[in-house]
Amino acid sequence: MALLEIENLHTYYGNIHALKGISLEVEKGEVVCLIGSNGAGKSTTLKTVSGLIRPRQGTIRFEGEEVIFLPAHEIARGGVVHVPEGRRCFAQLSVEENLELGAYSRNDKAAIREDLAHVYELFPRLKERRKQYSGTLSGGEQQMLAMGRGLMARPRVLLLDEPSMGLAPVLVDQIFEVIKTLHDEGTTILLVEQNAHMALQVADRGYVIQTGEIVLSDDAKALQHNEMIQRVYLGLA
Amino acid sequence: MRQRAQGKSPLRRAIDVGLIGSIPALLLALVGMVDAFSNRYLLEESVSTGQVMLAVVALIVGYLAARRISLPAQTVATKIGYGAVAGLMVGLVLALLLFIGEVVGINLRKVLVNASPALYEILAFNQAPAVGMLLLALMGTLLGALGGALFVMPARLRSAIITGITVIILLALLRDIVKLVFQQYEPTTALYRFLFTPNGGLTKIGLLLAFLLPAAADYVWSAGRPTLDRRYHALPDGTQKSVRWVGLAVAFILLLLFPTIFGRFPSEAMNNVILLGIMMGLGLNIVVGFAGMLDLGYVGFFAIGAYTMALLTSPQVGGGMNFWTALPFSLLASMIAGIILGIPVLKMRGDYLAIVTLGFGEIIRVLVLSDALRPWFYGAPGITGVPAPNVGGMLLNNPETLYYLLIAVMGLTLFISLRLRDSRLGRAWMAVREDEDVAEAMGINLVVTKLMAFATGATMAGLGGAIFAAKLGSIVPQTFNLLISVNALAVIIIGGMGSVPGVVVGALLLIGLPEVLREFAEYRLWVYGALLVAMMLFKPEGFWPDEGHRRELTEHDPEETPQAPGPADPPLPPGTVRDRAAVARADIRATHTEDEAGLDE
Ligand SMILES: Nc1ncnc2c1ncn2[C@@H]1O[C@H](COP(=O)(O)OP(=O)(O)OP(=O)(O)O)[C@@H](O)[C@H]1O
Ligand SMILES: [Mg+2]
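Chains as they are written, first to last, in our numbering: chain A, 1 to 237; chain B, 1001 to 1601.
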């Protein structure tokens, strides 16, 4: 039994049929990436899993239990942690307060302190800026903060939505470096990315989504060599 | 705009600054403020505070002209000259008003009610119009030059002079209260006689002293301050703490002695500041400042608290409880009302929430006013005979004793606000304020969190309302109008959204000033508007924004913010690090894009 099992998910925005029967699985300790072009439904998939939108049909099982009817905050407390697209830090709170809020649903003080130290270790930049209002951080720093905030919740599965969006190549490398570290530490990650090249390098497996449907799924290695992927997502002729 | 201005000659720019500056001067004159303040004199019976207002405008215009136009290399005389030119323009515009009204004889009163003969007399310094116009031009030039001189002089001297001027203006404005306070005791009565003329403002010596002493004190203080600061910080931590505690204790004792020192009228003013400003502000601050939900119907909870108190205690309507027995019911009623209002608006944000809550406040007022519900709420005449709060056997039925109840309750609400701000719930409120979706994804229960904010805010308003009813002894529906919500909202905006000390500052400014300056009361909304505009321009984060005092996860960090920025990226200049204004502005932009894109993303 996989840690996260999604079956035949249908999600609508009003009349817009955004997800047309998505099924995917994430095993414990795996990094799985979901790639697809703009508007394919990647963010919608993550939002549906974390409970921010309700699907009309389908099932989502986390550790074998149906979570589809739970409110978002309870899903989060269960360990499904969503780091949304576009960073969305709490602008008028300091870096440290943001991180603290990441651990909102926990009360194991000592462990929280350990995790904070760990996040600062992963992102030394955040430690330097810990008292700064997060609204005044650079885009890259905000992305680190958003990821750090997610990690503070001790995720059982981390949903990362385009962590490399809009970042300079150096920072993209850095972010993926962190994802690799997290993978080595055994964190389970469902990663949404446009940067298929990088994503497939860190991931174990991958799914390709097109207009709300999964069109392909395979080992990351295999996908890297798939002709269609190379043409459409990796920009190789 | 800058570039266009660059092409103009400095003289033209000084004239422009003067002309722009004459707009507030004209406005002050034409809305009637100058006339309203004409009975308070600054010096003997000659210079009125109405004229002083205009003088202050000319002074500021002179200062701004010198600051904006002069270049570092220019001579002192040139810089002062720019100020003089700008000041002259203010004088000339006012002279023009005098000319049109008095010499040409066009009756402006058809449109501008306050363009009265009385105003012209004040503008003309009680002289013939021609002489008056000359004097206006002259005074404008002098004051503008003085403003320019203020710019040129060293900062310490400038600060001293501004302090002196502020003190004499305040003394002149507050003469009645100063009189009341000083005449309570022998020695101070003598001092009052020495400082003030019997019917007018300050005596000549009084003016001189009232200017020189504070100015000198300011000068000495600003000289000694850095050394004092250094000494203070050199003290061991424990001693620093004791110094702070002693300071707090002294402030507390002064607060307790307030009614004894100042007497009845200032106590009453203070009571209103505490009740309508601080307590209402603190309560609304929880909903608006902490949790970010714009509630314009806050007066509704105030009314519910007041009516519950009145209905349960007034013998006239068959009540009969005393204040303390009825109080819990007031709190409970308003809290329940808070939750009942909260539930339907849970999904609303921003403008929609504001409109719905606005409606709620009005509904409460209309309900208690209605004839249909008269058997229960007694309609338009309201309810009288509400007993004053009692402590032991004593009734707190005068401002001096009520003051102590209010101070105690204020202390309680301040304490609760501060504790809530730093609590887990407080953090959840702020997260919801910043981004609801992310807050939810962090495990925050939106329903509970928002309802807690509504309920807490409503309970504080109910507490205020209950005391309000007991304080006045009677209540009428029309008291509970939108203005009470607006007052509370303006208090927290002026003070700084979400800032607890800001509420106190805002309340003193917005409720306190009109209380002690009766003339202001009429211009209350006008002053609100002016203050809000000034604040948005100069201090968009409020007069006392919420900074520091933040609880931290790691209490003591040995490497306290090491100055070791990454090599790729230079450290931000000091100003930007905590530039809330920038954050606020960025935030406004962010909200707009969010609105355009719908609820998600
Ligand atoms: N709040 C919304 N209201 C209406 N339609 C929406 C909303 N959010 C997304 N959609 C639509 O749903 C579809 C899927 O959007 P989604 O955000 O999941 O795309 P995505 O794969 O994350 O794209 P991108 O890579 O650009 O972020 C799109 O067609 C989009 O227009
Ligand atoms: Mg997306």
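One thing to keep in mind: the hints can contain errors.
[As the list claims (entries may be wrong)] When the alpha-carbon atoms are kept at most 30 Å apart in a straight line, the in silico DSS-like pairs for lysine-lysine are as follows:
(1) A/127 with B/1347
(2) A/180 with A/131
(3) A/20 with B/1347
(4) A/28 with A/221
(5) A/180 with A/221
(6) A/131 with A/28
(7) B/1539 with A/109
(8) A/221 with A/20
(9) A/127 with A/109
(10) A/131 with B/1241
(11) A/131 with B/1008
(12) A/221 with A/109
FYI, nobody ran anything at the bench for these hints, they're computed from the structure.
In this text, all values refer to a predicted model and were calculated from it rather than measured experimentally.
Hint by hint, here is what the structure shows:
At most 30 Å may separate the alpha-carbon atoms for a hinted pair to count; residue 127 of chain A and residue 1347 of chain B exceed this at roughly 36 Å. Under the criterion of a C-alpha separation no larger than 30 Å, the hint pairing residue 180 of chain A with residue 131 of chain A is consistent with the structure, at around 28 Å. With a C-alpha separation of about 27 Å, the suggested pairing of residue 20 of chain A with residue 1347 of chain B holds against the 30 Å cut-off. With a C-alpha separation of about 19 Å, the suggested pairing of residue 28 of chain A with residue 221 of chain A holds against the 30 Å cut-off.
Distance restraint check for residue 180 of chain A and residue 221 of chain A: the Cα-Cα separation of roughly 16 Å lies within the 30 Å cut-off, and the hinted pair is therefore satisfied. For the hint pairing residue 131 of chain A with residue 28 of chain A, the CA-to-CA distance comes to about 35 Å; that exceeds 30 Å, so the pair is violated. Proposed proximity of residue 1539 of chain B and residue 109 of chain A is contradicted: the alpha carbons are some 38 Å apart, above 30 Å. As the CA atoms of residue 221 of chain A and residue 20 of chain A are separated by approximately 27 Å, the hinted pair is consistent with the 30 Å bound.
Only pairs whose Cα atoms come within 30 Å are accepted, and residue 127 of chain A paired with residue 109 of chain A is accepted, the gap being roughly 19 Å. Proposed proximity of residue 131 of chain A and residue 1241 of chain B is supported: the alpha carbons are some 23 Å apart, at most 30 Å. A threshold of 30 Å between alpha carbons decides the hint, and for residue 131 of chain A with residue 1008 of chain B the separation of about 45 Å lies outside it, so the pair is violated. Distance restraint check for residue 221 of chain A and residue 109 of chain A: the Cα-Cα separation of roughly 41 Å exceeds the 30 Å cut-off, and the hinted pair is therefore not satisfied.
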